[in-house]
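K.L.:
Here are the chains, one letter per residue:
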Amino acid sequence: MSFPIPSARFPSARSGVLLSLLAVALSACGPAPQASGINDPLEPMNRATHGLNKGLDRVILRPGAQAYGVVPAPVRQGVSNFADTLDLPGDMANHMLQGRLGEATTNFLRFGVNVVFGLGGLLDVASEAGLPRDDTDFGETLHVWGVGEGPYVELPGFGPSTARDAVGTVVDFALNPVSRAAGGDAATVATVAKVLARLNDRKRYSNTVDSILYDSADSYAQARLLYLQNRRFELSRGAAAPGAGDETGGAEGGADEGFIDPYEDPYAQ
Amino acid sequence: MPSDILLTRRSFGLALGAGLAASALPALALNVDQARALIDKAVGDINKVINSGKSEGAMLPEFEKIFARYADVPTIARSALGVAARSASDAQMRAFTKAFQFYISRKYGRRFREFIGGRIEVTDAHPLKSYFEVISTAHLKGEAPFEVRWHVSDKAGKSLFFNIIIEGVNMLASERTEIGAMLDKRKGNLDALIADLQKS
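Those protein sequences? They're chains R and S, same order as listed.
Residues in the first sequence are numbered from 1 upward in steps of one, following the numbering used here.
Residues in the second sequence are numbered from 1001 upward in steps of one, following the numbering used here.
None of these hints come from the bench; they were simulated from the model.
Misleading hints may appear alongside valid ones.
[Said to hold, decoys possible] Distance ranges between label pairs, derived from CB positions:
| no. | chain 1 | residue 1 | chain 2 | residue 2 | range |
| --- | --- | --- | --- | --- | --- |
| 1 | R | Met45 | S | Lys1041 | 43 to 51 Å |
| 2 | S | Gly1142 | R | Val70 | 16 to 24 Å |
| 3 | S | Arg1069 | R | Pro41 | 40 to 48 Å |
| 4 | S | Lys1185 | R | Gly112 | 49 to 57 Å |
| 5 | R | Leu109 | S | Ala1156 | 47 to 55 Å |
| 6 | R | Thr105 | S | Gly1057 | 24 to 32 Å |
| 7 | R | Pro74 | S | Ala1195 | 44 to 52 Å |
| 8 | S | Lys1041 | R | Ala181 | 49 to 57 Å |
[Said to hold, decoys possible] Under 7 Å between C-beta atoms, here's a sample of chain S residues computed to sit facing chain R:
| no. | residue |
| --- | --- |
| 9 | Arg1078 |
| 10 | Arg1086 |
| 11 | Asn1170 |
| 12 | Leu1172 |
| 13 | Lys1185 |
[Said to hold, decoys possible] Simulated crosslink set (BS3-like; lysine-lysine; CA at most 25 Å straight-line):
| no. | chain 1 | residue 1 | chain 2 | residue 2 |
| --- | --- | --- | --- | --- |
| 14 | S | Lys1185 | R | Lys54 |
| 15 | R | Lys203 | S | Lys1107 |
| 16 | R | Lys203 | S | Lys1054 |
| 17 | R | Lys203 | S | Lys1141 |
| 18 | S | Lys1048 | S | Lys1158 |
| 19 | S | Lys1107 | R | Lys54 |
Owing to the predicted nature of the structure, the values given are computational and were not obtained by experimental measurement.
Beta carbons are placed, not taken as given, at the ideal position from N, Cα and C, and that holds for glycine.
Whole structure, please, built from the sequences with the hints as guidance.
P.N.:
Spelled out as structure tokens, the structure:
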């Protein structure tokens, strides 16, 4: 999620070149080793934020998503597609900073196809044409540059994150190319589209979200575990999947994340 | 007496042979293809249920049957209960396992219910340290395909799955956290937990 910064303008071409050079230099360092376990020294504060976020969900997000559900599904999907399209330039910039030129190219083509043939991004024709969405963020860029995950944090309004990904969220927020380029009314439209897309997600995954937030015995611990596992999975981009040239069974990093043998360790000690 | 010794020797030999065969069995029993075949069958049954057009009330018992048939429920239940399982009596463990099966098949059945109109496809299988991992892809309407991994072992005497990992999210790890928190809430009272799981 990112909101426009009205006064901002295009970044200069020179700073773009500098950023790319910096990216190349930094990506030579290699990605950070995949973290495991739970590092949560700020738990009391995080739990307080979690209580606040649950309140926000109960009062605003959940009823808002239900109300938005009145709008016909194809229209909601169109708005969500539009919001996705607006994220593509930011994704592209991050992919370039990560040295992932293939993904950056895919997102560039995806942006072009959806804007030109998909009524300005309302229809996702690119996915049908074999250009699936491959989203990323500055948190992932930092990971690729070798920055470790840091402690777990729950951010007010945004939910589960880590120290590294919280920095990423702020940077994505501040440097979003679309809001910087558009300004004024266009930027407001982009913000509205994003808020509506978020409501649509809340509605679409309502069973899952409700079961985590309201049915689990400790929703804070569940949300933390789910976020960390899923985030590490995303960042590994399948590379840690054991079996792919890894006959030793994943001695290196991420492959161990999902490894539990309840026969060897029946009481999970 | 010599004949007695002979007899003893023979029966000893027979017993030894039987023992060797039994201990050799688990090593022979499960290979990648069989692990894959198990999940192929489980996934086929799940696909049948999610596309049967039945109501949620009718689908959930079907999911429980699939779970009981293809998953190693006692092992999953014991692992989810964690250290508390060590001090539980046999009767408590039996009751807990039964209640847990009801609870987990409904919880995950509701998730699978969101797969209605979709399908799951087994794409790969490989050994993973002490067991096998079968990889499948879930294709849902209007959503990018995502990955579901199944961990399969035959250490319970036949091949069964004991963990499901959806996009990195691990069922055993989640249930350890959840059951642990439920037990804490009930001040460690296992019988109260069992009673509540049956109502979930």
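K.L.:
Compare the structure with the hints numbered earlier in the document and write down the numbers of the violated ones, lowest to highest.
P.N.:
6
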